[in-house]
Amino acid sequence: MRERNTASLLMRIGGIALLLIGLSHFLVPRLFRWREAFVPVKPVYALGEQTQNTSFLYLFNADLLLYETMLGLLSLYFAKQIRKGKTSAAVFSLALGAFFILRTPLQFFYFPPSPVNVAQTLGSLTLAVLYCYPILHLKESFAES
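Using numbering that gives the first Met the number 0, the letters of the sequence shown map in sequence onto residues 0 to 144.
Derived from the structure by calculation, the hints contain no laboratory data.
Possibly wrong hints are sitting among the right ones.
[To be verified] In silico SDA-like cross-links for lysine to any residue, where the CA-CA straight-line distance does not exceed 20 angstroms: (1) Lys-83 - His-24; (2) Lys-79 - Ser-7; (3) Lys-41 - Phe-55; (4) Lys-79 - Cys-131; (5) Lys-85 - His-24; (6) Lys-41 - Leu-26; (7) Lys-83 - Thr-5; (8) Lys-85 - Phe-25; (9) Lys-79 - Met-69; (10) Lys-41 - Thr-53; (11) Lys-79 - Leu-93; (12) Lys-85 - Ser-7.
[Stated by the list, open to error] Simulated restraints, written as ranges between beta carbons of each label pair: (13) Phe-55 - Lys-83: 22 to 32 angstroms; (14) Thr-53 - Glu-2: 15 to 25 angstroms; (15) Val-40 - Thr-86: 41 to 51 angstroms.
We put the CB at the ideal spot given by N, CA and C, even for glycine.
All chains should be built: construct the whole structure from the sequences, respecting the hints.
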C-alpha cells in the first residue's frame with residue numbers, strides 16, 4: 000500500500016506540473032512577443048486558400064494549453080485510481096512516462112543548448128520519472144477491480 004501511496008503522490012505532482020505548464024501557454028505569445036515577431040511573416044496558399052502561418056502557431060499553442068491542462072486533470076483523477084491498484088491508471092502513467100522519455104531528446108533537436116533548454120530537458124526527465132515510477136515499482140500489484 001505504501002508504494003501505491005507514493006505512486007499516487009508522484010502522479011499528483013506530475014498532474015499539478017502539467018496543469019501549470021498548460022496554463023503557462025496563456026503567457027507564451029506575450030513572453031515571446033509574437034505580435035512583433037510575426038508581423039513580417041507572409042501568408043501562404045494551402046489547397047488554393049490563403050492562410051496565415053502565424054494562425055497555426057497560435058492554434059498549436061492553444062492545443063498545448065488544452066492538452067496539457069487536460070492531462071494534468073486526468074493525472075489527478077488517475078492518482079486516486081492508482082492508489083486502488085487500477086490497471087487503467089498504470090497504463091495512463093506508462094503512456095505519459097513514455098511520452099516524456101521520447102520528448103526529452105527532441106528538446107535538443109529543435110533548440111540549441113542553453114540554460115533554458117537544459118532546464119526544460121530536466122523538467123521532461125523529471126516528469127518521465129514521476130510517471131514511470133508506478134510501472135517500475137508496482138507492476139505486480141495492479142489488477143482491475
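Now for the hints, and whether the structure bears them out:
Pair hint Lys-83 plus His-24 does not hold up; C-alpha atoms about 33 angstroms apart against a cutoff of 20 angstroms. Restraint check for Lys-79 and Ser-7: satisfied, since their Cα atoms lie roughly 7 angstroms apart, inside the 20 angstroms limit. Straight-line distance between C-alpha atoms of Lys-41 and Phe-55 comes to about 13 angstroms, which keeps the hinted pair within the 20 angstroms bound. Simply put, Lys-79 and Cys-131 have alpha-carbon atoms about 16 angstroms apart, close enough for the 20 angstroms limit, and the pair holds.
This hinted pair does not check out: Lys-85 and His-24 have alpha carbons roughly 32 angstroms apart, beyond 20 angstroms. Simply put, Lys-41 and Leu-26 have alpha-carbon atoms about 24 angstroms apart, too far for the 20 angstroms limit, and the pair is violated. About 12 angstroms separates the Cα atoms of Lys-83 and Thr-5, which keeps this hinted pair within 20 angstroms; it holds. With a C-alpha separation of about 34 angstroms, the suggested pairing of Lys-85 with Phe-25 is violated against the 20 angstroms cut-off.
As the CA atoms of Lys-79 and Met-69 are separated by approximately 16 angstroms, the hinted pair is consistent with the 20 angstroms bound. For a cut-off of 20 angstroms, the pair hint linking Lys-41 to Thr-53 stands: about 9 angstroms separates their Cα positions. Note on Lys-79 and Leu-93: the hinted pairing holds, with a Cα-Cα distance of about 16 angstroms set against a maximum of 20 angstroms. Proximity of Lys-85 to Ser-7 is assessed by CA-CA distance (about 11 angstroms); at most 20 angstroms being required, the pair is judged to hold.
About 41 angstroms separates the C-beta atoms of Phe-55 and Lys-83, a value inconsistent with the hinted range of 22 to 32 angstroms. Restraint check, Thr-53 to Glu-2: a C-beta distance of roughly 48 angstroms breaks the suggested window 15 to 25 angstroms. Taken as a hint, the range 41 to 51 angstroms holds for the pair Val-40 and Thr-86, whose Cβ atoms sit roughly 47 angstroms apart.
Checked against the numbered hints above, the structure violates hints 1, 5, 6, 8, 13 and 14; every other hint is satisfied.
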